[in-house]
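Protein chains: 2
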Amino acid sequence: MDDPVDLTPLRAMLEQRDLDGYLIDADGSNSDQRYVSGFTAPDPYQTLVTRDGVHLLVSGLEFGRAQSDSAADSVSRLSAYDYHERRAEHGRYEGMIRTLAAFLADHNVDTIAVPQEFPTGTADGLREQGVTVTAETEGIVQKIRATKTPWEVNQIRATQRANEAAMAAAETLIASADVEDGVLVHDGTPLTSERVTEEIEITLLRHGCGLDETIVACGADAADPHNRGSGELAAGECIVIDIFPQDKETGYAGDMTRTFSRGDPGEEARRRYDVTKEAYEAGLEAVEAGVTGAAVHDAVCDVIEDAGYETLRSDPDTDTGFIHSTGHGVGLDVHEEPRVSPSGGELEPGHVISIEPGIYDPAVGGVRIEDLIVVTEDGYENLTDYRVGLDPTTE
Amino acid sequence: MDDPVDLTPLRAMLEQRDLDGYLIDADGSNSDQRYVSGFTAPDPYQTLVTRDGVHLLVSGLEFGRAQSDSAADSVSRLSAYDYHERRAEHGRYEGMIRTLAAFLADHNVDTIAVPQEFPTGTADGLREQGVTVTAETEGIVQKIRATKTPWEVNQIRATQRANEAAMAAAETLIASADVEDGVLVHDGTPLTSERVTEEIEITLLRHGCGLDETIVACGADAADPHNRGSGELAAGECIVIDIFPQDKETGYAGDMTRTFSRGDPGEEARRRYDVTKEAYEAGLEAVEAGVTGAAVHDAVCDVIEDAGYETLRSDPDTDTGFIHSTGHGVGLDVHEEPRVSPSGGELEPGHVISIEPGIYDPAVGGVRIEDLIVVTEDGYENLTDYRVGLDPTTE
Numbered sequence: 003m004d005d006p007v008d009l010t011p012l013r014a015m016l017e018q019r020d021l022d023g024y025l026i027d028a029d030g031s032n033s034d035q036r037y038v039s040g041f042t043a044p045d046p047y048q049t050l051v052t053r054d055g056v057h058l059l060v061s062g063l064e065f066g067r068a069q070s071d072s073a074a075d076s077v078s079r080l081s082a083y084d085y086h087e088r089r090a091e092h093g094r095y096e097g098m099i100r101t102l103a104a105f106l107a108d109h110n111v112d113t114i115a116v117p118q119e120f121p122t123g124t125a126d127g128l129r130e131q132g133v134t135v136t137a138e139t140e141g142i143v144q145k146i147r148a149t150k151t152p153w154e155v156n157q158i159r160a161t162q163r164a165n166e167a168a169m170a171a172a173e174t175l176i177a178s179a180d181v182e183d184g185v186l187v188h189d190g191t192p193l194t195s196e197r198v199t200e201e202i203e204i205t206l207l208r209h210g211c212g213l214d215e216t217i218v219a220c221g222a223d224a225a226d227p228h229n230r231g232s233g234e235l236a237a238g239e240c241i242v243i244d245i246f247p248q249d250k251e252t253g254y255a256g257d258m259t260r261t262f263s264r265g266d267p268g269e270e271a272r273r274r275y276d277v278t279k280e281a282y283e284a285g286l287e288a289v290e291a292g293v294t295g296a297a298v299h300d301a302v303c304d305v306i307e308d309a310g311y312e313t314l315r316s317d318p319d320t321d322t323g324f325i326h327s328t329g330h331g332v333g334l335d336v337h338e339e340p341r342v343s344p345s346g347g348e349l350e351p352g353h354v355i356s357i358e359p360g361i362y363d364p365a366v367g368g369v370r371i372e373d374l375i376v377v378t379e380d381g382y383e384n385l386t387d388y389r390v391g392l393d394p395t396t397e
Numbered sequence: 003m004d005d006p007v008d009l010t011p012l013r014a015m016l017e018q019r020d021l022d023g024y025l026i027d028a029d030g031s032n033s034d035q036r037y038v039s040g041f042t043a044p045d046p047y048q049t050l051v052t053r054d055g056v057h058l059l060v061s062g063l064e065f066g067r068a069q070s071d072s073a074a075d076s077v078s079r080l081s082a083y084d085y086h087e088r089r090a091e092h093g094r095y096e097g098m099i100r101t102l103a104a105f106l107a108d109h110n111v112d113t114i115a116v117p118q119e120f121p122t123g124t125a126d127g128l129r130e131q132g133v134t135v136t137a138e139t140e141g142i143v144q145k146i147r148a149t150k151t152p153w154e155v156n157q158i159r160a161t162q163r164a165n166e167a168a169m170a171a172a173e174t175l176i177a178s179a180d181v182e183d184g185v186l187v188h189d190g191t192p193l194t195s196e197r198v199t200e201e202i203e204i205t206l207l208r209h210g211c212g213l214d215e216t217i218v219a220c221g222a223d224a225a226d227p228h229n230r231g232s233g234e235l236a237a238g239e240c241i242v243i244d245i246f247p248q249d250k251e252t253g254y255a256g257d258m259t260r261t262f263s264r265g266d267p268g269e270e271a272r273r274r275y276d277v278t279k280e281a282y283e284a285g286l287e288a289v290e291a292g293v294t295g296a297a298v299h300d301a302v303c304d305v306i307e308d309a310g311y312e313t314l315r316s317d318p319d320t321d322t323g324f325i326h327s328t329g330h331g332v333g334l335d336v337h338e339e340p341r342v343s344p345s346g347g348e349l350e351p352g353h354v355i356s357i358e359p360g361i362y363d364p365a366v367g368g369v370r371i372e373d374l375i376v377v378t379e380d381g382y383e384n385l386t387d388y389r390v391g392l393d394p395t396t397e
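Chains as they are written, first to last, in the working numbering: chain A, 3 to 397; chain B, 3 to 397.
If you're looking for bench data, these hints aren't it; they were derived computationally from the structure. What you were told as hints is all true, and nothing was included just to trick you.
Remember, identical chains collapse to one label, so a pair may be satisfied in a single copy or spanning two.
Lysine to any residue pairs mimicking SDA-like chemistry, simulated, CA-CA at most 20 Å apart:
{"id": "1", "residue 1": "K250", "residue 2": "E200"}
{"id": "2", "residue 1": "K250", "residue 2": "E201"}
{"id": "3", "residue 1": "K145", "residue 2": "E96"}
{"id": "4", "residue 1": "K145", "residue 2": "E17"}
{"id": "5", "residue 1": "K145", "residue 2": "E348"}
{"id": "6", "residue 1": "K279", "residue 2": "H326"}
{"id": "7", "residue 1": "K250", "residue 2": "L213"}
{"id": "8", "residue 1": "K250", "residue 2": "N229"}
{"id": "9", "residue 1": "K279", "residue 2": "D363"}
{"id": "10", "residue 1": "K250", "residue 2": "G212"}
{"id": "11", "residue 1": "K250", "residue 2": "H228"}
{"id": "12", "residue 1": "K145", "residue 2": "R94"}
{"id": "13", "residue 1": "K145", "residue 2": "G292"}
{"id": "14", "residue 1": "K250", "residue 2": "S232"}
{"id": "15", "residue 1": "K250", "residue 2": "V336"}
{"id": "16", "residue 1": "K250", "residue 2": "W153"}
{"id": "17", "residue 1": "K145", "residue 2": "E350"}
{"id": "18", "residue 1": "K145", "residue 2": "Y95"}
Pulled out of the complex, with its shape left as it was, chain A reads as follows (with noise of 0.2 Å):
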């Protein structure tokens, strides 16, 4: 990472608290220790951040890569700390325990606080050894994640131009198809959900990047926000195209989504359309420095009550409508802080986030609209460069 992360906060919780240090044990999946540490691993390492240092705990097989990559002040080996005897000794869980507690004592830390999710075999086993340690439930790094740098608001950026050329990969597809007895029709074949996810994948992995779920759904499959949608695509209907790629190298993801129909979805369809996308402008507006993420939340709520469709704000238990928050996070997660919901705090500075309405009915289909924007002192910069509009185009 280019930019040092800033821990300020976190050591400032030590502080307060009276602890020596805050522990991370987990595998390059958590993004909490891959921001902190600036390295990430296959396999379970360790991150310790104490009152003036960040030291990582880490296999032979990783020290030479860790000491080359990471951000971190010291990098040290398992068998630094005898890891191998301890296990010929103790077995594998208890010769991991006893060569953390060592790591932990050559740093002079006897009381650490750990993330919500930190291992309970590891801190059961780590009290046992006399460490103290406290389970930190308000989850301090993601809240200093979800203020980029600079560094990071680009790593963002570059995701999200792969992500404009998968979309721009899949709206070709569905512009250029032809259309026969109600069905897309591409290179003689109904053109399927799965077709256009793999066109979306195979651009993304031409840029770079992977992903782990795209969303290619029509009719009334879109109408369910979580379905990724399956078979053939029919005219007539509105597809749902909900991207989430991360960059390979860099870890950093971007978030789009874009509705499509070929041909006349109907009349109800396209007020919904014209609906969603009034209330992404209204949500995108209300976006600045010092105003809460339930404000925008409820400005995009405001539009679509209005326009006579239910929210989850109106009646909580509809099935219909609006039956989602507005946008969250984005960063080394797809889905991180800050939330632009009804328990959405004020958005800062640097807050990358989703703006992303949508109206949701099984009986006429699903239609969302989705960008990736920065938070700026006086309202946003839009990290997204896509047309919107519901007649798909070759352009």
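Since the structure of chain A is provided, determine the placement of chain B on it from the hints.
Just chain B now, kept in the frame of chain A:
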């Protein structure tokens, strides 16, 4: 999952320790939870194994899918335990803890075992609510997962078919490249690790598989078993290709390694290839139910040491020679139980393991050959159908 998984050892542990249940609190990236519940979701959910049932607690968004897709005996949604009210009153963390405590109480569960990696925040929160929580550090679910049902073996076999297609695509690229000034050239540009990796990834995508990483490493890169490789591929050097994809639907992994050289890599490299192949054959030959993973590893080390190369058995500190273990279990995780290493216990029918000896030296390069097999009563069945040979072909 077609066959129900056999949780008998887990329930025996509960009975023996006089505990009411085993609780997992994780998201879909946790393979233990996926295995026990037959369900996966991007966000956290909870799986409770009692003496007579498996019970899921999921968000409203996942409720329908959990009911239709999961293998659980009951599925509850958070709102059934007043999550939203509790969260409004006590905040996000404490609200969730109280909801979970109510879910446990509803199933008459006061005392639980949890996995080593269970969140400390959840464990300590439940303890505050009067639940007795003990971390189970033996990895009991991992042990159960080591033995595959016939259905699971078929899923792994299917992923390995995709893997073979990807390996063939990579081999074809290397075999059909031109050689100019000692470098492989494809379509007029130097053939790189990155280009071959892309070909592998695209082939896997077309077969419904994804992967986090792939190794296409040439020359000195290939002498570091964890180096993914980068840059131009040279003629007359060993290129190690290690592919470990996962099926996107089932989650089951495959794993295979082949080593190729365009042109003569020299006598020493060819000798290392032959010794590695002999060691791989000796490893396969040693496998049968009742034999330990340690004994299989020893059979492999015997061949390599007899040929005059170091192993971690002959020199624990060696940086060259055979510097990793012989293999590992493969299933919902690419690396899981059992181990085919010095600490490997008895192999059982249904264990799916890799056999992957290699010989490494930065001065000569790296060689590795790996198949995936399933242990049977009197030997093994090879789940891999791919020629072993140093010279790449386009067949």
